[in-house]
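**Q** Chains as they are written, first to last, in my numbering: chain B, 7 to 79; chain D, 1158 to 1738.
The hints are simulated quantities; they were obtained by calculation from the structure and are not laboratory data. For glycine and all other residues, C-beta sits at the position ideal for the given N, C-alpha and C. Accuracy of the hints is not assured; some may be wrong.
Said to hold, decoys possible - Estimated spans, in silico, between C-beta atoms of each pair:
| no. | chain 1 | residue 1 | chain 2 | residue 2 | range |
| --- | --- | --- | --- | --- | --- |
| 1 | D | GLN1537 | B | ALA61 | 24 to 34 Å |
| 2 | B | ASP59 | D | TYR1444 | 47 to 57 Å |
| 3 | D | ARG1318 | B | LEU49 | 55 to 65 Å |
| 4 | D | ALA1413 | B | GLY58 | 51 to 61 Å |
| 5 | D | ALA1413 | B | GLU41 | 28 to 38 Å |
| 6 | D | ASP1570 | B | ARG48 | 27 to 37 Å |
Stated by the list, open to error - Covered, in the sense of this in silico footprint (three residues per stretch, anywhere, with C-beta under 8 Å from a C-beta of chain B), are these stretches of chain D:
| no. | stretch |
| --- | --- |
| 7 | 1218-1226 |
| 8 | 1530-1541 |
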Amino acid sequence: MAFTPGRLRDSLGIGAPDDFYEALIKAHEGLSEAESRLLNARLVLLLANHIGDDAVLKEAIQAAREGVAGERD
Amino acid sequence: MGSYDYRQYDYVTPAEQRRGKPERHPVIVVGAGPVGLTAAIDLAAHGVATVVLDDENRVSEGSRAICWAKRTLEIWDRLGCGRQMVEKGVTWKTGKVFYRDKLLYEFDLLPEPNHKHPAFINLQQYYAEEYLIDRAAELDEVELRWRNRVVGVEPGADAVRVSIETPDGRYQTECQYLVACDGARSSVRKLMGLGFEGRVFEDRFLIADVRMTADFPTERWFWYHPPFHSGPSALLHRQADDVFRIDFQLGPDVDAEEEAKPENVVPRLRKMLGQDKDFEVEWISVYRFQARRLEQFRHGRVMFAGDSAHQLSPFGARGGNSGVQDAENLVWKLALVLDGRAPEALLDTYDEERVYAAEENLRVTSRTTDFMSAKSETAQAFRDAALGLAETHPFARSLVNAGRLSVPTVLADSSLNTPDTDVFTGAMLPGAACGDAPVRVMAGHDDDGRDGGWLLDHLGGGFKLLYFFDGSDALLASSRATMERLAAGDIPIDTIAVIRADHDPRDATLIGLRVLLDVEAVAAQRYDARAGTVYLVRPDSHVAARWRWFDEEKVQKALARATRTDAAPHGTDRRPLAEVK
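Excised from the complex, chain B in its bound form (with noise of 0.2 Å):
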């Protein structure tokens, strides 16, 4: 399938955010920095699985890489 822009869900689709966002930070209590670091790690290639979309990963890396520092121009 070609590669069409915009196809990343912009729109909220976690059903309880706020549920969500406490589970995330819940799971990296007691954790070292390289612990954390590998949890999330995990957590990227777990979803990045179940969503299985080619286009919409490629888009999501970018999407996600454009907002980190020194990637600004």
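Since chain B is already given, all that's left is putting chain D on it; use the hints.
**A** Then chain D, alone, in the frame of chain B:
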């Protein structure tokens, strides 16, 4: 000279102290703050006499609780002082969230029209207290005793003995029930040796009341990483009299006393407001967030309401507003129990329902605090990620937590609810606080032609039955006798017919029913109502039960459930008030 001349009230030696003979009052309320005064005024509305004790003789200092929510205004409206609050207060419903110097997003707390009250007003707590005190002073049932400090509380089997200290010394009194609304540092709680467990957050916050003329719109403005302040966040609110409330998050490692000095506060404000702006600092306070509560809000004949029962972090305006709802939840139950019309077990449901609400408010406000003062590097990274994405990716705005503003808790699991057996959609489920709608009142047989009436003006105080009605003879004939029996019961239920504006209301008015015309069809929509739909509404305007068809037996059963009169007989503690005094 500040913008407000603090009201003081004269101390008068209580007649009871002069006589030296303890009386037994039905209810003593400790604390003349917004919660205690609401309780006393509402008790008076139910015909219950109350003595209110306060250790000071003036309204509270500084703006303190400023954001009063729609639900609170509805309650105060019923008690006769809501209009004054709204007129003096600053009405708002929209907010902006900024990240550094950029606007991230705006929100609207009441996007639909057709509500009598705004989402919020900002009004300094001293004004709210002053208006409530004025209202209480009009009522024979409320006796305010200033500079009466509670120094002893002895809960007994049939009364609570209270020792009080005044400028004239000590005296004793008694009450059947004591309602402790004496704030986060509750002396009643301490005197009873009750634990107050929870979390204390490390971050310090500085709040200042600043008087100035400024053209900030009447919105809630919240900054993450504000350009004018080195801390993680700041908040701006407009209040009455051109007074602005400004909150600065200072972080965990600061000297609170040092920060609160005007020479340290003023430069901060200059940076925010501009070097040439004229302003006057009226009040400064430095505090830490607390998230604590009593395990139980009912301890026999002593009930705790407001901050004495639960202390919340202030972002979200859930402290004062949930306290006022505590008071309203308790009062109708106390009134029924004092009157011998419901068993004492009904008071346990105050604990059940308001602990549930406090849990929700603690959860919600603690999440905000955790977001605002993210501790670990990971938590900070997620916060910065959400903030960074929010401008261009709207979904992330829902993850940004700058306070989730007070809405009434839906008491969905309450044992007083009758679970639905019919199919309904929408928000008015059993346990929910009733929604508003514009209505026109039929006076006698005639439409009074007056617009601007509201459904919520007709709810509250006692049990009400909202009967959505199409004016048909068939419905009327089968329910008239029923409605009369419900109105004549031990705990009366008043039926109110809600009729679509395009239906004929004459038959309903002929039998003496109060008729509200659903002029915009908003009531039917908000209550998911069809002809024949019936809602049983509690005295605190929460839904007790609802059906698609008016069935007397079901209504009676739901009433019994909502008042705990379905349990064992309770004739033994039936004791009229007159005998008690």
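**Q** Name the hints, by number, that the structure is in violation of.
**A** 7
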